[in-house]
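S.K.: When you get a sec, could you build the whole thing from the sequences and use the hints?
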Amino acid sequence: MKEDRSEMAAKDVELDPRSAAISEPLSSSSSSPAAFNAVVSAGNKSRSCKSSLPVTQPPCPGHVLENVLENVLQFLTCRRDRNAVSLVCRSWYRVEAQTRFEVFIGNCYSLSPSRLTRRFKGVRSLLLKGKPRFADFNLMPPDWGAQFAPWVAATAMAYPWLEKVNLKRMFVTDDDLALLAESFPGFKELILRCCEGFGTSGIALFANKCRQLKVLDLIESEVTDDEVDWISCFPEGETHLESLSFECVESPINFKALEGLVLRSPFLKKLRTSRFVSLEELHRLMVQASQLTSLGTGSFSPNDVPQGEQEPDYASAFRASKSIVCLSGFRELTPEYLPAISPVCANLTSLNLSYANISPDILKPIIRNCHNIRVFWALDSICDEGLQAVAATCKELRELRVFPSDPLEDSESPVSALGLQAISEGCRKLESILYFCQRMTNGAVIAMSENCPQLTVFRLCIMGRYRPDHVTGKPMDDGFGAIVKNCKKLTRLAVSGLLTDEAFSIIGEHGKLIRTLSVAFAGDSDMALRYILEGCPKLQKLEIRDCPFGDVGLRSGMHRYHNMRFVWMSYCRLTRGGCRDIAHALPSVVAEVFGSDVDDDDDNADYVETLYMYRSLDGARKDAPKFVTIL
Amino acid sequence: MMGTVELNLRETELCLGLPGGDTAAPVTGNKRGFSETVDLKLNLNNEPANKEGCTTHDVVTNSVSKEKSSSPKDPAKPPAKISRAQVVGWPPVRSYRKNVLVSSQKSEAAAFVKVSMDGAPYLRKVDLKMYKSYDELSNALSNMFSSFTMGKYGGEEGMIDFMNERKLMDLVNSWDYVPSYEDKDGDWMLVGDVPWPMFVDTCKRLRLMKGSDAIGLAPRAMEKCKSRA
Numbered sequence: 001m002k003e004d005r006s007e008m009a010a011k012d013v014e015l016d017p018r019s020a021a022i023s024e025p026l027s028s029s030s031s032s033p034a035a036f037n038a039v040v041s042a043g044n045k046s047r048s049c050k051s052s053l054p055v056t057q058p059p060c061p062g063h064v065l066e067n068v069l070e071n072v073l074q075f076l077t078c079r080r081d082r083n084a085v086s087l088v089c090r091s092w093y094r095v096e097a098q099t100r101f102e103v104f105i106g107n108c109y110s111l112s113p114s115r116l117t118r119r120f121k122g123v124r125s126l127l128l129k130g131k132p133r134f135a136d137f138n139l140m141p142p143d144w145g146a147q148f149a150p151w152v153a154a155t156a157m158a159y160p161w162l163e164k165v166n167l168k169r170m171f172v173t174d175d176d177l178a179l180l181a182e183s184f185p186g187f188k189e190l191i192l193r194c195c196e197g198f199g200t201s202g203i204a205l206f207a208n209k210c211r212q213l214k215v216l217d218l219i220e221s222e223v224t225d226d227e228v229d230w231i232s233c234f235p236e237g238e239t240h241l242e243s244l245s246f247e248c249v250e251s252p253i254n255f256k257a258l259e260g261l262v263l264r265s266p267f268l269k270k271l272r273t274s275r276f277v278s279l280e281e282l283h284r285l286m287v288q289a290s291q292l293t294s295l296g297t298g299s300f301s302p303n304d305v306p307q308g309e310q311e312p313d314y315a316s317a318f319r320a321s322k323s324i325v326c327l328s329g330f331r332e333l334t335p336e337y338l339p340a341i342s343p344v345c346a347n348l349t350s351l352n353l354s355y356a357n358i359s360p361d362i363l364k365p366i367i368r369n370c371h372n373i374r375v376f377w378a379l380d381s382i383c384d385e386g387l388q389a390v391a392a393t394c395k396e397l398r399e400l401r402v403f404p405s406d407p408l409e410d411s412e413s414p415v416s417a418l419g420l421q422a423i424s425e426g427c428r429k430l431e432s433i434l435y436f437c438q439r440m441t442n443g444a445v446i447a448m449s450e451n452c453p454q455l456t457v458f459r460l461c462i463m464g465r466y467r468p469d470h471v472t473g474k475p476m477d478d479g480f481g482a483i484v485k486n487c488k489k490l491t492r493l494a495v496s497g498l499l500t501d502e503a504f505s506i507i508g509e510h511g512k513l514i515r516t517l518s519v520a521f522a523g524d525s526d527m528a529l530r531y532i533l534e535g536c537p538k539l540q541k542l543e544i545r546d547c548p549f550g551d552v553g554l555r556s557g558m559h560r561y562h563n564m565r566f567v568w569m570s571y572c573r574l575t576r577g578g579c580r581d582i583a584h585a586l587p588s589v590v591a592e593v594f595g596s597d598v599d600d601d602d603d604n605a606d607y608v609e610t611l612y613m614y615r616s617l618d619g620a621r622k623d624a625p626k627f628v629t630i631l
Numbered sequence: 001m002m003g004t005v006e007l008n009l010r011e012t013e014l015c016l017g018l019p020g021g022d023t024a025a026p027v028t029g030n031k032r033g034f035s036e037t038v039d040l041k042l043n044l045n046n047e048p049a050n051k052e053g054c055t056t057h058d059v060v061t062n063s064v065s066k067e068k069s070s071s072p073k074d075p076a077k078p079p080a081k082i083s084r085a086q087v088v089g090w091p092p093v094r095s096y097r098k099n100v101l102v103s104s105q106k107s108e109a110a111a112f113v114k115v116s117m118d119g120a121p122y123l124r125k126v127d128l129k130m131y132k133s134y135d136e137l138s139n140a141l142s143n144m145f146s147s148f149t150m151g152k153y154g155g156e157e158g159m160i161d162f163m164n165e166r167k168l169m170d171l172v173n174s175w176d177y178v179p180s181y182e183d184k185d186g187d188w189m190l191v192g193d194v195p196w197p198m199f200v201d202t203c204k205r206l207r208l209m210k211g212s213d214a215i216g217l218a219p220r221a222m223e224k225c226k227s228r229a
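Here the protein sequences come in this chain order: A and B.
Going by our numbering, the residue at position 57 of the first sequence is 57; the numbering climbs one at a time, nothing skipped.
Going by our numbering, the residue at position 10 of the second sequence is 10; the numbering climbs one at a time, nothing skipped.
None of these hints come from the bench; they were simulated from the model.
Mixed in with the good hints, there may be bad ones.
[Stated by the list, open to error] Just a sample of chain B residues kept apart from chain A, beta carbon distances all over 10 Å, derived:
| no. | residue |
| --- | --- |
| 1 | Gly-89 |
| 2 | Asp-183 |
| 3 | Asp-187 |
[As the list claims (entries may be wrong)] Sample of chain B residues facing chain A (criterion: CB under 7 Å; computed from the structure):
| no. | residue |
| --- | --- |
| 4 | Val-88 |
| 5 | Pro-92 |
| 6 | Val-93 |
| 7 | Arg-94 |
| 8 | Tyr-96 |
| 9 | Lys-98 |
| 10 | Val-100 |
| 11 | Pro-197 |
Every residue gets a Cβ at the ideal spot worked out from N, C-alpha and C, and that includes glycine.
M.R.: This is the structure we're talking about:
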């Protein structure tokens, strides 16, 4: 049996690359981990025991160990721990593979579906990520790939007990959904985040076929309107639904059917409706489902102008919903109605107002009661004043996201350093922040670094490119430098504003735990890229755009690309020759080059608009479209 | 891909940056600082180079231009469009979210008006509802008509003048082109008189007049201002 080292070198099935030292010929005799004896007999075949013992005899010590291991391993759910376990020796590798139920694949192109099914035999839950994040910002041409089809085909054959699929940025077709529904009788959870390629007809079929369905969450995905009444396609009778989220489905909903569905879903805890559910309709749903813990409120706007007493008592509906801890929606908010949520404010742990243009005056009376909020998303329309109100009340805040109401570079931004400073002073437990503004000061960023030592995610987007500190005129080096120096737990960083190479020197040196780094319109030279690649020991995902980094900078990371999930560089100064050299030197890395102009411009043949580089166990993908060149 | 909902003309302009960011007409904070209702400056000229600590970027742009024998845009002169046009995919907000913001604002009828510029071969149309301030409108207009302008005066001086000047006559004299509009009454007014929302309601068409022609406009504009006040 040949040793196949490459089998184990993929971090993208979240294994440790050191496992190349231990090779495991994956025998096809390993069967369902649920069958205890079968595991023992599978171990029997590759053991060095001379006599083939029948199963009824007391197992030899090696088997005892495997049995014990199997029982112990079921407590290990963290994939990193499991990866470590699989490296110990062949037998541990085998047992781990048989007992891993949940597989995480951070880049769908890092391995082929057949490799997955060869190693893991009992997968119940699959999390797959496709396109890299910058694809969200129109930096990637459509039809690039990340199709779910080959995965559903492979898993349909290999994992009849598959019950959970969670996809992010994948291309999923109606056929894929149909196959999913048909192949897995016990299917329980489907979560599609930022996906596209399917429509309401696919959802309808899926809802109809999956009788054990507990979770159907469509999040920020593009769902084509096939004019199918999909809500009516859920089967009759009591459902197992615990979570139904369709905020992103941009087509009218049959409310009567929705109401009926909610009525016969006694386990429903999370309901997130689209904007096609009016306030009156929401009221009816709430009255019928007072057990909800998470509510997406739809439009939060009444259909008709209320006529005095005929208006439903919205506040009382909220009062009756004693379990609500998470509120979102407010897609077409009529601000006068927002106070209706007041009865639940004290219990709220999560509030997402980021689709509502709310002024400080509207926000303040609401947020005043939200003492327990941990997650708060809003538009910058709340202004610095609103942020100050948040800082004054929300002492438990862990995650804050402030989105731009006018996402243009030169717009007026109502939030600034003032708001950031206030948050840093009031919300000391802050762990994650995403903040869009037009300009910023080092002072406020430094203050945050000192006041919020628990920060693991710091993403500051100064929308005005190359903007220095607007008070001192200096680059933003000091601010971001302070963040990486003071926030020792930082794992994710996004930088912006005017930044010199010096900033990256500090990031490289102090960003010891950073796994994801996003850089745009920053740096002076290749040195900045070198600092990053020669520092930041834990860096996994590097996304760069519009920086003066070239082949020399890229080359400085050759020693580590096999250990990273991906590198994205667009509108930098890379040449084809440079990228090709690197691709040829690193066989375990795939380098894709493409541009937004589908027709190749001969004059610019050497210019690389976008480089997307990732490690892969199975080499170049076969489904690359024409505009993608794999070096 | 989504994103076709927006009619913002800026978004349709190609903004592919050259390596190193041909987008290097770096922007400082203070240019945005003037009152939106009065000081309308029409930047029909190239963006002045940013002086504040961004010279390195000019260097970057220049050195980059040597790498390529032919580039789609002449790097020696930063194109006027880039400085005001939006760069693709920036700021990094998902088109999903952008579209939701557009649709969540209860849609009112668009307010299309014709825009003519003296000397230009054809008219353009803009939807005034797409803009929130005179500043935004000014940006859009300058993008649209920049190819026709021969404005040569150093933008820097022009801008510094506009910064604090509130006297209409001075403004009129220093501009090459003066934006004027025809209101509901059929009168031609200087753009910038009235608060933005009122302007959107009353403007029927726009005309970018040559400065010399506009001098007659100003006194009437001021009269009407007084009568409205």
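S.K.: A separate judgement is required for each hint: does it hold in the structure or not?
M.R.: Right, here's what the structure says about each hint:
Not every CB of chain A is more than 10 Å from the CB of B/Gly-89 (nearest about 3 Å), against its label as outside the interface. The Cβ of B/Asp-183 lies farther than 10 Å from every Cβ of chain A, with a closest approach of about 26 Å, so its non-interface assignment holds. Under the 10 Å C-beta cut-off, the non-interface status given to B/Asp-187 relative to chain A holds; the minimum distance is some 30 Å. Interface hint at B/Val-88: satisfied, since its Cβ lies 6 Å from the closest Cβ of chain A, which is below the 7 Å cut-off.
Look at B/Pro-92: its Cβ gets to within about 5 Å of chain A, closer than 7 Å, so that hint holds up. Interface hint status for B/Val-93: upheld, as the beta-carbon distance to the closest one in chain A is roughly 4 Å, under 7 Å. Because the beta carbon of B/Arg-94 sits about 5 Å from the nearest beta carbon in chain A, less than 7 Å, this interface hint is met. Hint status for B/Tyr-96 relative to chain A: holds, with the closest Cβ pair at about 5 Å, below 7 Å.
Of the supplied interface hints, the one on B/Lys-98 holds, with its beta-carbon coming within about 6 Å of a beta-carbon of chain A, less than 7 Å. Interface restraint check: B/Val-100 against chain A, minimum CB-CB distance 6 Å, threshold 7 Å, status holds. Here the hint on B/Pro-197 is broken, as its CB sits about 15 Å from the closest CB of chain A, past 7 Å.
Consistency note: the structure conflicts with the earlier hints numbered 1 and 11.
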